[in-house]
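We have chain A; now place chain B onto it with these hints.
Chains as they are written, first to last, in our numbering: chain A, 14 to 267; chain B, 11 to 221.
Bear in mind the hints are in silico, worked out from the structure with no lab data behind them.
If a hint is listed, it holds; no wrong ones were tucked in.
Label-pair ranges, simulated between beta-carbon atoms:
#1 B:V200 with A:H166: 49 to 57 Å
#2 A:T76 with B:P47: 41 to 49 Å
#3 A:E75 with B:P90: 36 to 44 Å
#4 A:T159 with B:R124: 31 to 39 Å
#5 A:R136 with B:P186: 22 to 30 Å
#6 A:R48 with B:P90: 48 to 56 Å
#7 A:V105 with B:P186: 30 to 38 Å
#8 A:R48 with B:G103: 50 to 58 Å
Note that beta-carbon positions come from the ideal geometry of N, C-alpha and C, so glycine has one too.
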Amino acid sequence: MPPNLMRTVGAALLTVWFPSVHADSDFHMTVPPGRVKSPPHTVLLVHPEVVVKQLTTGNLEETAQDWSREASENAARLVRALVKKNGAFEVVDDSGLTPADKVSLQQYSALYVRLMASIEIARQSKNPAWKKRVRRFDYTVGPGITEVAVRTHADAALFVVGTDHVSSAGRDARTAGGILIGILTGVYMLPKAGTAFLSLGMVDLHSGDVLWVSSEYGGGGMNLRKEKSLNKVLTELFESYPWQPKSADKDDNK
Amino acid sequence: MTTNSYQRAASTLWRVVGFVLIAGCAQTPQKAPAPTPLEPVARIHTPEGWVQERNAYHQLVASRDGYFVQTIFVAARTNPDAFPAIKKGADPGMLPSQLAELHIANLKASSGERLEVVENEPAEVGDLTGYRLQLRSFDGRGLEFRTIVYGAADEHYFYRLAYNAPVLYFFDRDLPAFEAMVKTFQRGPVPPGESGWVIVSLDLIPVEKKK
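Bound-form chain A, shown alone:
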């Protein structure tokens, strides 16, 4: 959909969607038990795409390239550290891929954002048909991703996507729905407000099926530009990872 149409849709959505969902929310969903034969052992970390934008008083947004690069690199480093500490799986990066493959993975990352938003919106919908749809949790990015990532010999791909908005007027809370729609459309309900969103998504590289989604979005409580805040959010997101090693379970029980 053309960006202007998306913005129009977004503005419309903000007036009718998620009226009761508040900021600083999170959601996690995992593929139903039995559909995964064995947990992923080797996971390809797709280069994170954390976009930091500046909101103007006119509610327009501009991407802050330096901040975005820094936040994305921080996210990659922090995810590696978290996984190493947790031991849930082994991480491989995309350095062995061709530039074309890396571009393809970024396209899959963009597709993941849309799937993740669709999952959350279905989860929040008042339409029982959408609630039924999301309970099946049979979302996929398609089997084509297998060919892209075959050189990595990984079992799954981990997408890390996020957006943070910074404004000089502070970081007021927004509705969760407003944040999600804003990510996709560039329209934000409340002027002069900052907002943040971060999502981890794991996709099976043998099938393209989405295995796990963990997202958090909020206003004043999240600041993806700050390493400490970013690490806190990533740690919280990883808590819902369904195939935690037994040692991690023991740690949780201490």
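Frame of chain A; chain B shown alone:
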């Protein structure tokens, strides 16, 4: 699910969204009209397993995985209101190519973005000869989308059926379901005693667009 239950299930979400989605009728959100009875002008079978809803403008929208992944849109307007963004109407005497050009102009005027027309060819819409467009666009993250739009006019109404999805995996996967749906399109209300049809209702054109 019956047509009535679809109406009941229609989410407030689509009060405005369906109005602007793909059809490209408006630049800014419009206040949704008060609920009014449907004015059936055609009927169709939507793809099995897709979630379908009707917005407050009586337009039919459907999706399998979510509206950010793929969307089907079906609606009809009276001929004078066919292309509100360029303030032009449809005429049954127009050639399909003329109607198609007006539709493209309307889409471009309403979206304000570059829309690349990949295909523009005559096509059957029920018992009418209309056109089939394929459009190319990109979202904010650079993901390529394709949109298929069918359009045709009779002596009273301008009908349009559209499908939009990312090229990556979804467009090709779900296109056959949309094309199969288009083949079921028939003008006129649901005949007595027949079930399974979904009503294509006349759009409720916002007052602002009639000025």
